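S.K.: The task is to assemble the complex, starting from two chains supplied on their own in separate frames and drawing on the hints.
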Amino acid sequence: MALPSYATTGQRVGWYAFLTYCGLVFFFLIAPIFIILPLSFSSSPFFEFTREFMSLEPEAWSLRWYRQMVGISSIGDTTVVSNKWMLGTRNSFIIGLSATFLATALGTVAALGLSRRSMPFKGTIMAILISPMIVPLIITSAGMFFFYSKIGLTHTYLGLILAHTALGTPFVVITVTATLTGFDTNLIRASQSLGADTMRTFFKVIMPLILPGVISGALFAFITSFDEVVVVMFVGSVEQITIPKQMWAGLRQETSPVILCMATCLVFLSIALFTTVELLRRRSERLRGIKLRN
Amino acid sequence: MNETTAGPILTTDGIPLKVSLQKAEKRNKIRALLLVTPLLVFILITFLIPIGDMLLRSVDDSYINTVFPKTFEKYQKWDRQGLPSEELYKTMFFEVKEGSGFSIGKATTRMNYAKSGWKSLLKKSKRKFKKIEEGPYKEQMIAIDKRWADMEYWKALGVMVDATTAGYYLNAVDLKYNVDKEIIRQEENRRIYNHTWIKTFKVSVLVMFFCLILGYPIAYLLSTLPLKYSNLLMICVLLPFWTSLLVRTVAWMVMLQQKGVFNNLLVMAHIISDESRFKLMYNETATIIVMTQILLPFMVLPLYSVMKTISPNYMRAALNLGASPLHAFWKIYMPNSVPGISAGCMLVFILAIGYYITPELVGGKDGQMIGNWIAYHLKTTLNWGLCAALGAILLGVMTVLYWVYNKLVGIENIKLG
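The listed protein sequences derive, respectively, from chains A and C.
Per my numbering, the first sequence starts with residue 1, numbered consecutively.
Per my numbering, the second sequence starts with residue 295, numbered consecutively.
Quick caveat, the hints were computed from the structure, so don't treat them as lab data.
Small disclaimer: the values here were computed from a predicted structure and weren't measured.
Some hints here could point you the wrong way.
To be verified - So, partial list: chain C residues that the calculated Cβ filter (under 8 angstroms) puts toward chain A:
hint: 1; residue: K323
hint: 2; residue: V330
hint: 3; residue: L334
hint: 4; residue: I343
hint: 5; residue: L506
hint: 6; residue: L508
hint: 7; residue: V531
hint: 8; residue: L533
hint: 9; residue: T537
hint: 10; residue: L540
hint: 11; residue: Q551
hint: 12; residue: G665
hint: 13; residue: I687
hint: 14; residue: G690
hint: 15; residue: M692
To be verified - Quick look at which bits of chain A chain C covers, simulated, 3 or more residues with Cβ under 8 angstroms:
hint: 16; segment: 46 to 60
hint: 17; segment: 93 to 100
hint: 18; segment: 182 to 191
hint: 19; segment: 263 to 273
Ideal Cβ placement from N, Cα and C applies to all residues, glycine included.
With the rest of the complex left out, here is chain C (with noise of 0.2 angstroms):
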């Protein structure tokens, strides 16, 4: 008797009630599991794989190996001390001659990073190739071009040699590697990253600061209204949010072009002579104000949540413990706000560093941002291992701040309208 009181409680088929609330426990949290994993292997598949396989071109260097298989093999034992010896001209002798010329000409590309001049070498090389019958080739090779006497060309091989680069993140801030893989900065005139980087934080601090100083007040007034007039302005906020973007980019084109009905509207009220009407379009400039008007629902829309929860009685018992409207606010509206200000500054930047095609459009040359440049790089040059290092670093800096928006609000905690 005193046995089955001091055991532990058992359900009716025999099994320990612990042991069978946790069975129990652990079928609904597989249950639970079960649906979502559709769509976590559909996002898996079809979002963080692509991701994935991005991130990993940004390192990959493997190509070039498939091409000169041996020509990098016998490199490896060069000393780089003097001219490779005839052994290592046959072999890239053979190699070029026999080689494809698609594969060739997609492998200079990737040499041409390196060293600007393979690409040439090669071309004009693999056509005279065809008349050297036989050895020996190392004479040959320099008196059908001087650059394959170069020590510089053969050193710069040795960048390549490995299967993984960081010379592609190195190209992303500037740098790069020069023939003896040391890191040093690019050439003057191929500076313009670190440039964009700074341009791109800048204007999104920017429209993050103008979303806040014009978020902030209608937020209040929204908060404060009663809910039959809020809920008209409310539409005002969410009406652009529904709008296409595309048209959205559109209207601002009407209003801020050269002859748009910004400058019209000063030129007929005098403000501003025919011939001096603003240059507000294809600029830096526009871009900012673009951007602040298409991501502004996004800084009301967190503002105004917190702010409905902050209870009117506080801002009353400051005013009537004798503070000044200014103060009352200063010290207690704002710092119960501040919630609803770190979500939606967050939210903004983070929307708006990787915005792409409202600079695209309206920016002009002065406006890019670094998302332009990816796709210049996806679309035109076709360097692909730079566009995807960009995008990682991109990536970098935004993971960090998803990860720290979703500590300070809870990514659960998005509201939509």
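So here's chain A without its partners, still in its complex pose (with noise of 0.2 angstroms):
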């Protein structure tokens, strides 16, 4: 909506604050997620822009701190190899793609019965299986840290996975219930009437026609394991060191800027995951003509 070419002056002086406006609040939204690219190639061991930093001087840009992050380091003429963050990086994927694979397989089940129009209690169970992203993480880490303890999953992996899973549940079941609005359940009698069974009307009807919502479900599934914190910290044990566990305990304790490093690839898996989702969603808009987000 541009302004018209009658506009008072008033109109126009108003109409330009409110741009003004709104273009301080984006900077306000996505500018801390930018500063911090340039300063993870400081030298400084510090969290800030040098004086030397600004004013672009070699020696105070370096790669130093992705050598640390990557496992090399030298400290005088020795080598030295720390590996955390390289095997918090193992850590969060082998938990992260687990915990995806389970949410999205369960998910996606339960999001084809919820769609169903002869699902009984439905706001009700969907209240129930949403939960998990609304309660508040110190909560669900407290409850699992207790009842994980008296079953033995504390300090494993498949309890970290398990409660990953939980955790990212939410997504795929969300996206994948806003996908199938609108969905063609003629397809699915035809494809029956043409004599296929059960699971093959799933993988060849309603799989490729919901995929673009599975496959969205499963990034935010992703990025929520990975990004997951509070559970890790509680429900796992000291040695399982995953990506965020690692930051956190750099903010805590040590403040190195090797942080910053880590929190740039960070940034850059999420536009990489954002750009998908955010193409699968027009792609899907496109095929099938409605909007999802609207």
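M.R.: In structure tokens:
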């Protein structure tokens, strides 16, 4: 909506003030994310823009923190390999991928049930299935810590994977249910009348149509697990380092700029995931002529 | 002939159509339920039962009864007038002497919540009781430590006789039982929770308010711009949503610290001097600023989806009928966007009151919220009863809000991106 040509001066001023305000809000939203990118290339051990750094002096810029992140750091002549970050990356991927797989499978099947018109107690069941997303993580962690220690799941990868699966399923349920609105159930009938059994119908007819929703949900579940730190701290053991846990430790104890390097990598990862989800959503809108967001 | 037309319509296999339909309906219902069952069971086991378990823990007081079973049995018969009989002293003596050090240690932690001093008394007694071989026990126990003759200690046991207690809930709102099991206020220097509850609500309301005043205009802009521009700007809203919470918190630390970007810019522009840099980090202000940025997308998205449905013709009609733009906005646009406002505010508030990570990292001492106390008791003091009670109260508040949100907005209308 632009200004009409007959707008008065007051209206013009108001409109531009409004645009400026919006611009500032967008800046407030996005700037903090990008401020860390240049800083991760600084050679200073503190989180600050030094004068030398700002005037682009070569020695103020370095890749030393990145080298440390991947496990190579040289103190004097000896090369010290500390690979906590790499260990964390490996663990994060193991837990994240397993949890994503479980959450996607369980969530997709549940969403298929929830989208049926014959579904009884739909509201209540939906509220229960979404609740892991709403309940504060600290309460979830406390409950899981007490209960999982009773059944021997604390300090295990299985415990963390199950916990992260529970946290990820709401996202899968939400995105797949959204994709299924407007799903033409006649397609299922057509497939069945042509002789396909339930499994074949699911994989050949339903799945290709809801795939964008499933993938979006899976990516949401993955990023949820990948970014989660509270449950890992309470349910996991000290040795079970993940990326966020290592960042947390870094912020609380050592404050090393390696955190900024990892943060930069994570920003690029989230940009990649976000772009994928957006492309999928647009493709799905285009294909089916309906809008999910509105 | 007449009979068949008057009777119910039958299917080919002779069953009334109504019955047959009902059967098919039922089958469909069961099929739909079967699809949901795996996830429901999974959530039940991995999520709901743990939370239920935590709720039980908040009232559970049975452990101490398993450590001193006979003492507590005898204790019930004590008239609470004057010191207990030799018999009760004797039972206590043997249960302390013969009990395992570990379980007594665990029990004394609980006993200390009822009357501080129990822990050291039992620790000392456990050591000295070894030398006592025969009775009468009462005098010898009192000889070891005068506190055995103190009525207050004996009375305090009465608070723990029942297997359930409301004591942790009382603690969570700065109350407690005295030795006579009457509810009194916590000592002055221990009153921290009411203050923290108020702070939690205050911070959440402020964050909600700031999210609204920042989010409303941009949601409006996004909903009125042509799609190709709004899609571009939408990235600014959605990207933070996708970025790691810790990354955003680190970014804010870089921005707000004493030698951070914000203060540096102000010094460079000579707005403030180098000495008078703002303290923006490790306090309540930091908590509010950072939480506002983190929760802003949750305000913008519901607002946007409601504003998208408001026809621009309403505003045009109002302006056409002579209303000033402000008046038209207030009387026409605002009321139409109320569902979005309520949905966004609810969502932000619900998410804000349970926040833990951000206050912990940027809040310092002054910016701590109730979630931080839950974590503190969970991993530092190991007072799990109090931890569970704080969690249960928070969960209760959340559930009410969640229920209202569900009624107002409908949980199935939550959209992601």
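S.K.: I'd like to know which numbered hints this structure contradicts. Please list them from smallest to largest.
M.R.: Checked against the structure, the hints that fail are numbers 5, 13, 14, 17, 18, while the rest are satisfied.
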